[in-house]
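Visitor: Model the full structure from these sequences, guided by the hints.
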Amino acid sequence: MNKLAQKYLRPSQIPTKACHGCGIGMIENWLLQAIDELSLDQDDVIFGTGIGCVGRQTYATWGGDNFGATHGRALAVATGLKLAQPDKKYLIVVGDGDAASIGTSHLIHAARRNLGVVVICEDNMGYESTGGQFSPTTPAGYVTNSSPYGMAEPSFDPCDVVKAAGATFVAETTATQWHQTVKVVKKALQNDGFSFVHVRFPCNENFGAYALGTRDTLKNLEWIYEHTQGRKADGSETDFTWETGIKHDASNSRPEFSKIMRDMNVRVREEMEAKRRGALAEA
Amino acid sequence: MSTLDLQTNEILVAPWSDWERRAVKGRRLLEAGTYALTEGAIAAGCRVFAGYPITPATDIAEYMSKRLPQVGGYYVQCEDELAGMHACAGASLGGLKAMTATSGPGYTLMHDAYGWSITNEIPLVVVDAMRVGPISGITGAPGQGEFYIARYCTHGGNFETIVLSPSSVQEAFWLTIDAFNLSERFRTPVTILTDQVVSDMWEDLFLPDDYDALDFVIPRTNNMSMPFYPVGSAELDVAPNIIGQGTGVCVSAYTHTPEGYDIEEMEAQWAQTYRLVNKIRHHRPELTRYETVGLDDAEVVAVAYGANARTVKTGVLEARRRGVRAGFIRPITLWPFLDGLFAVDRHYVVCELNYDGQLVREVMRAAPDKAKVHFMGKSAELHTVAEVVAGLDGVARAGRIPELPYIWTEVR
Amino acid sequence: MPLFKTEKKPSRGPAGKWDVVIGEDMCKACGFCLAVCPVDVFAWRTQANKLGWFPMFTAKEENCIGCMLCYQICPDFCIDVALKPEFAPTGD
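Chains as they are written, first to last, in our numbering: chain A, 1 to 283; chain B, 1001 to 1412; chain C, 2001 to 2092.
Wrong hints could be hidden among the right ones.
[Unchecked claim] Pairs of lysine-lysine residues, derived as DSS-like cross-links and limited to a Cα-Cα distance of at most 27 Å, are as follows:
1) A:K3 to C:K2017
2) A:K232 to C:K2008
3) A:K17 to C:K2017
4) A:K7 to A:K187
5) A:K163 to A:K259
6) C:K2084 to C:K2009
7) A:K232 to C:K2009
8) A:K3 to A:K186
9) A:K3 to C:K2050
10) C:K2017 to A:K219
11) A:K163 to A:K89
12) C:K2050 to A:K232
13) C:K2009 to A:K7
14) C:K2050 to A:K183
15) B:K1025 to A:K275
16) A:K17 to A:K3
17) A:K219 to A:K17
18) B:K1066 to A:K259
19) A:K7 to A:K183
20) A:K7 to C:K2084
21) A:K7 to C:K2017
22) B:K1066 to A:K275
23) A:K3 to C:K2084
24) A:K183 to A:K247
25) A:K275 to A:K259
26) B:K1025 to B:K1066
27) C:K2005 to A:K219
28) A:K219 to C:K2008
29) A:K186 to A:K259
30) C:K2084 to A:K219
31) C:K2005 to A:K7
32) A:K232 to A:K219
Calculated from the structure, these hints are not laboratory results.
Note that the structure is a prediction, hence the values are computed from the model and not measured.
Guide: Spelled out as structure tokens, the structure:
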């Protein structure tokens, strides 16, 4: 086990349940690097996950306190938890289904409230845990288990959604951008507000098999690489390119949700105290 | 002789009959049930309310938005009831007592959060101010259609629930404190089923001046060590788990080990279920709360809870005045169901605010002769005293309830 | 620059100064480390591990130039790459 895994993860939960060649473990390795480079301890960070591959394979790997909420509701739980434990760093590690499909409502409102958490939306472009149905982020026209004639619905980028809702840090990387992901997650953790990091990664068993025609781990990671660069190995253009990088950085520019609530309480108590002193003075 | 002069044996079994007798300084107010529910929660130490406004529970949200900042708590108006109850669970996991309040249409969105809270043994209180349904139904009318849903508040089986129901404004205050206490002791969500009438009506309310002096409030304690989930044990009074104190606790939606890891073995399912069911079943005496009138010599007993229990009780006393040997049972604990109250072989007339018959089915199951259990269902309005008297009289004389307009007597 | 290098280059620069450790019991044989490595360090075992995969192992540690690509790409926390103690900076 690598040193950071030894430092931060739970030995009994490693190796994870992830399939071979799955990007989830890669990304978690980069999260550990970001946490380590910021000199955070296990007790400083709380992991929250959801249902689905990303949720399940990440759940309980973190050695500190962590929770795996019901499908799509990790941010709803985090909204309450952050009020009770505001000083911790929160890494909400969820998939595209959990964050951008069933959980979109909570995603939008957590961004609107500027809830002080970092959402790592690990996107394998489908509901891979249930076998590979399409999701709101599946590229147009791709064949999946539930789009046998090609994905007919338009898809969207959750980065656009959270940015419009008021997120103060939004970034996108892919599973072939390790340095960028570590850098971006570090920045995200230093934003006292809602941070959203969207990382595209390969699924070999389902998306690879049905949409890309192969379970070959190298071919599927290569597909991610090509769509990150915008060019295939033979030099030709890919059908689409992901826009990676920091999309919006207004870190620490507006008050974080739990701080708004605490400040309001202080104001209310001060007004109550002033009224009480005023009433005493008059008596 | 007026109804008030009747000598009937009135019994109340509930912790607040003792709390009320303690010399606590306070004041008398004229207030609504929603106010009493809010103050009861604050008195019990509730510091987070996360919910969504819905008639007739909206006032609870509004009162909470005003009161919680005054006591250093947090009011979160969530995007929906689903988020609201999940946020309460999150806050409770973080160490703060939490409550949500809704009505039927919002209650149905809480199944997911109930499941998560039950399986992870998270204390919290849920108020469902029932109204006529299904769904929006009649906005301003009382209902009692969530009797079974409150027991089966999530899918998957393998759990027990605690459900209480007040029938007056004063009782709503004490019962809310009791609900918080039970949720701490049993590490489970406790449901308070109230209705539009109890929520909205204004009555005398005695409010203690100093909530900190209430020594019967059970404070939040934190479980700092393993096992986080004592699966295979029915032990009571285990401290709730906490996220954020470095205990390494794991909380998830899956069947779990004592550490909280997800596990897919039959033995683990057995052990987890053993705990979730028996921590409640093996401690039923701690959960017994009810009111009875005149049971010593009653041959026909009216059964009701919540708001319509008020008019039914008056109906029972009026029937007595007219010579019917009538009695009254008001379960305050709805679940686990108080089977023992119905052990005597006599006629029961179950009055509830629904037409499909829910409470009546449990009474039929618990009573020795289900042919002697009669149903008076009504919807959108409380049972009138005259209807109750007619029903009790009919059963006493002829063994059946006479035909009354808008009263449903069939149970299939 | 291609992601995977089918042709391994000869080792230059800081080659020979690195400890490369693979947790073979945890390896799920995805093949990324071998494919991404620019020099000739890794090879497949011929016996399966407890998980049922034929894991990767460090066949030629002396070729490692410390680029860390294998460490970054491994999805199962298996790999540690660090300067050998005699080459590690003492820190002033």
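Visitor: For each hint given before, does the structure comply? Return the numbers of the non-compliant ones in rising order.
Guide: Hints 3, 10, 12, 13, 14, 30 and 31 are the ones this structure does not satisfy, whereas the remaining hints hold.
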